[in-house]
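Whenever a hint applies, use it, and build me the whole structure from the sequences.
Protein sequence lines, in the order shown, are assigned to chains A and B.
First residue of the first sequence? That's 1 in UniProt numbering, and the numbers climb one at a time after it.
First residue of the second sequence? That's 1 in UniProt numbering, and the numbers climb one at a time after it.
Fair warning: there could be bad hints in the mix.
What the hints assert, rightly or not - Simulated crosslink set (DSSO-like; lysine-lysine; CA at most 27 Å straight-line): (1) A:K85 x B:K164; (2) A:K270 x A:K290; (3) A:K325 x B:K26; (4) A:K26 x B:K363; (5) A:K161 x A:K139; (6) A:K325 x A:K280; (7) A:K270 x A:K363; (8) A:K280 x A:K363; (9) A:K131 x A:K164; (10) A:K270 x A:K280; (11) B:K164 x B:K132; (12) B:K135 x B:K161; (13) B:K270 x A:K26; (14) B:K85 x B:K139; (15) B:K270 x B:K325; (16) A:K270 x B:K26; (17) A:K363 x B:K26; (18) B:K270 x B:K363; (19) A:K85 x A:K164; (20) B:K135 x B:K164; (21) A:K26 x B:K26; (22) B:K85 x B:K164; (23) B:K290 x B:K280; (24) A:K26 x B:K325.
By construction, these hints were calculated from the structure, which means they are not laboratory data.
Protein chains: 2
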Amino acid sequence: MIYLDNAATSWPKPDSVWEAVMHVGKNIGANPGRAGHQMAIDAGRAIYNARVAVARLFQFPDPLRVIFTLNATDALNLAIFGLIKPGDHVLTTRLEHNAVVRPLWILQGRGVEVTYLDGDEYGRISPEELKKNRKANTKALILNHASNVTGAMQDLETIAKAAKALDLFVIVDAAQTAGVFPISMASWGIDLLAFPGHKGLLGPQGTGGLCIMPGIELAPLRYGGTGSQSESEAQPLCLPDRFESGTPNTPGIAGLAAGIDYIHQIGREKIEDHETRLIKSLMQGLSELKGVRLIGPPVEEARAAVLSFTVDGMASEEVGFLLDKAFHIAVRTGLHCAPVAHRKSGTLTTGTVRLSPGVFTTKAEIEEVLASITQVVNEAK
Amino acid sequence: MIYLDNAATSWPKPDSVWEAVMHVGKNIGANPGRAGHQMAIDAGRAIYNARVAVARLFQFPDPLRVIFTLNATDALNLAIFGLIKPGDHVLTTRLEHNAVVRPLWILQGRGVEVTYLDGDEYGRISPEELKKNRKANTKALILNHASNVTGAMQDLETIAKAAKALDLFVIVDAAQTAGVFPISMASWGIDLLAFPGHKGLLGPQGTGGLCIMPGIELAPLRYGGTGSQSESEAQPLCLPDRFESGTPNTPGIAGLAAGIDYIHQIGREKIEDHETRLIKSLMQGLSELKGVRLIGPPVEEARAAVLSFTVDGMASEEVGFLLDKAFHIAVRTGLHCAPVAHRKSGTLTTGTVRLSPGVFTTKAEIEEVLASITQVVNEAK
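See below:
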């Protein structure tokens with residue numbers, strides 16, 4: 001089987017990830033931070049190690065402000081509902097996932113103003129556009145680093161710095177880039193970074209998080225037991241406790257730490273280079289096929305390892321079905337939880353076939369995929 | 001090592017639990033419900049099987065209304081914030097965990113009235129007390145099935161039926177009983193049942209859920225991608241999608257299903273009987289020790305497999321430290337995220353030493369624990 005659905009969940013994982021999950025589950029499977037016995041202390045240490053790994057990867061100054069959540073959606077909800085209040089104005093883009101669009105839609109019903117910046121042909125925004133749309137009550141810019149539909153990447157460093165210069169909070173959805181592309185929270189001026197654990201960071205599903213820069217105050221999304229200040233009905237103010245009520249996914253978080261260690265070992269730059277080469281091969285190969293329309297920026301421009309396309313006269317689901325059944329190639333088809341981005345790329349009614357290679361995808365697999373898609377497209381004619 | 005901290009997280013787990021986690025992670029590690037390829041379908045099926053297992057255990061009619069969450073706290077936040085609105089009045093008990101107390105404290109600041117029912121000496125409430133405290137705006141009763149501090153159990157069937165007769169919504173925190181004691185949502189009249197996956201259900205940390213009876217409408221706690229109705233900015237109305245935004249913890253949930261299967265295989269009643277015998281042995285043994293004060297109902301009355309005690313002249317942390325370091329016995333000490341319950345039992349300043357045996361605890365271990373505690377207490381004199 002050839003797996004090209006890494007934009008949804010990376011697969012397979014490094015062996016060390018499952019070894020870490022098993023080690024924690026079987027040997028130190030206690031509740032971290034809730035007791036003084038050795039196994040609980042070891043479990044707490046496994047989670048702390050993961051905070052350090054995340055902080056290092058994103059050049060983030062304080063591991064105790066790395067908050068672990070169920071997934072990136074959970075982290076984005078915490079960031080958005082925690083920061084934005086009625087009367088605020090928010091700038092965002094037309095490339096956002098429903099993890100941003102749906103919370104904003106709820107906030108619009110509560111008196112928050114939202115402006116969807118048009119950006120260029122591919123939805124990429126500019127400092128000028130930020131400046132032009134900024135109002136007296138503009139509180140934050142919320143944007144993803146790369147679109148999960150088109151692969152289009154924002155020039156995050158430039159945009160984040162421009163937003164900071166306008167005194168905006170910068171909330172970033174790094175779902176498609178974390179672990180593969182460089183992100184420097186401190187030097188770029190990112191205030192809140194939401195990341196999934198189970199995509200580019202190579203951890204298990206059930207993990208994700210939010211990095212909250214020092215000085216940023218948020219209302220929690222969940223309240224409850226934290227193993228700290230247990231005598232108080234009020235949620236603790238200290239981090240990470242304030243935002244981590246209830247028992248965390250200790251084995252999953254240990255697996256996430258192993259995933260990030262793997263990235264550090266082989267080098268993030270090498271992964272970026274590898275995935276970029278593969279996606280460019282796919283683009284070059286598919287661009288030679290008649291009836292295939294590639295979505296998103298041209299091959300010479302920056303993109304995450306995501307390539308969407310449509311085939312004239314074929315539903316995207318049909319292409320995906322044939323690839324799965326006849327060629328054992330796993331892709332995603334249809335709409336990708338991002339209606340605004342589909343509207344922007346003109347694929348809201350057709351959906352797309354999405355190919356997303358990962359760190360373990362080989363060049364030979366990409367060639368086989370190209371040959372298979374060629375066959376599907378030619379037989380359809 | 002003897003592990004008596006099962007009330008925080010059960011350990012060890014059945015081997016089948018980790019086998020299920022590994023199988024899903026390594027063989028069908030795709031994103032469930034987000035693609036049409038075989039591996040995604042298999043992942044979706046693993047989660048559906050878990051819904052069926054949960055529904056069967058709690059005699060709950062609709063597997064699609066079993067919502068998986070990060071933990072029981074997450075589930076309780078969804079239930080409480082989703083149902084209770086400003087102007088409502090809520091009845092609750094003095095045995096609640098901070099997963100209930102802290103959300104209610106926030107709601108009190110938003111115009112919700114909360115009455116903490118005193119109950120009897122051990123905090124157990126009665127139908128009469130419900131009736132007496134019910135007001136025109138009383139919307140719900142929120143109660144745990146058993147206290148995580150004292151082990152005191154509510155007569156849930158009687159209380160839930162009485163609350164339904166008063167036209168109240170019944171929200172139950174089954175953190176200390178799910179998987180061990182009988183719970184019948186349909187016939188007892190429980191509307192919302194929150195459960196942890198990693199305690200009595202024997203699943204991995206990072207799992208939990210909320211069963212939402214048909215007809216109950218809640219506001220979501222999180223909004224985002226669901227893999228369904230992706231063209232819409234509005235959160236889908238159908239369940240489970242409405243409450244499960246973002247990628248679920250598929251391997252963890254598969255492990256949870258295996259944990260529940262294990263319970264069904266050996267029989268929940270047998271586990272209840274086993275844990276009850278062990279806790280009674282502990283109570284009998286400790287009651288013979290001078291200077292030891294047992295917290296909670298007497299030995300002949302119902303209690304969950306949780307026993308708290310204090311030792312005259314010793315801090316509970318000191319007792320726990322000695323048990324861990326000198327005897328390799330893991331217990332929890334201090335406050336147990338339930339200040340109201342500690343106040344009720346007179347242990348808010350001292351904390352307690354808490355012993356919580358599990359399905360894999362043996363009679364021989366209990367005897368060893370009793371001998372060790374005897375030694376600790378005698379040497380302290």
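Hint check results:
1. A:K85 x B:K164: 37 Å, violated
2. A:K270 x A:K290: 33 Å, violated
3. A:K325 x B:K26: Measuring from Cα to Cα gives roughly 21 Å; hence the hint holds.
4. A:K26 x B:K363: 22 Å, holds
5. A:K161 x A:K139: Answer holds: K161 of chain A to K139 of chain A is near 15 Å, not above 27 Å.
6. A:K325 x A:K280: 26 Å, holds
7. A:K270 x A:K363: This hinted pair holds, its Cα atoms lying about 15 Å apart.
8. A:K280 x A:K363: 11 Å, holds
9. A:K131 x A:K164: Judged against 27 Å, a Cα distance of about 11 Å means the pair holds.
10. A:K270 x A:K280: With a Cα-Cα distance of about 15 Å, the restraint between K270 of chain A and K280 of chain A holds, given a limit of 27 Å.
11. B:K164 x B:K132: Cα-Cα ~15 Å, so holds.
12. B:K135 x B:K161: Between K135 of chain B and K161 of chain B the Cα gap is close to 18 Å, so the pair holds against 27 Å.
13. B:K270 x A:K26: 24 Å, holds
14. B:K85 x B:K139: Answer holds: K85 of chain B to K139 of chain B is near 9 Å, not above 27 Å.
15. B:K270 x B:K325: 33 Å, violated
16. A:K270 x B:K26: This hinted pair holds, its Cα atoms lying about 24 Å apart.
17. A:K363 x B:K26: The given pair, whose Cα atoms are some 22 Å apart, holds under the 27 Å limit.
18. B:K270 x B:K363: 15 Å, holds
19. A:K85 x A:K164: This hinted pair holds, its Cα atoms lying about 19 Å apart.
20. B:K135 x B:K164: 14 Å, holds
21. A:K26 x B:K26: Within the cut-off at roughly 18 Å; holds.
22. B:K85 x B:K164: 19 Å, holds
23. B:K290 x B:K280: 18 Å, holds
24. A:K26 x B:K325: 21 Å, holds
Going down the numbered hints, you'll see the structure goes against 1, 2, 15, while the others check out.
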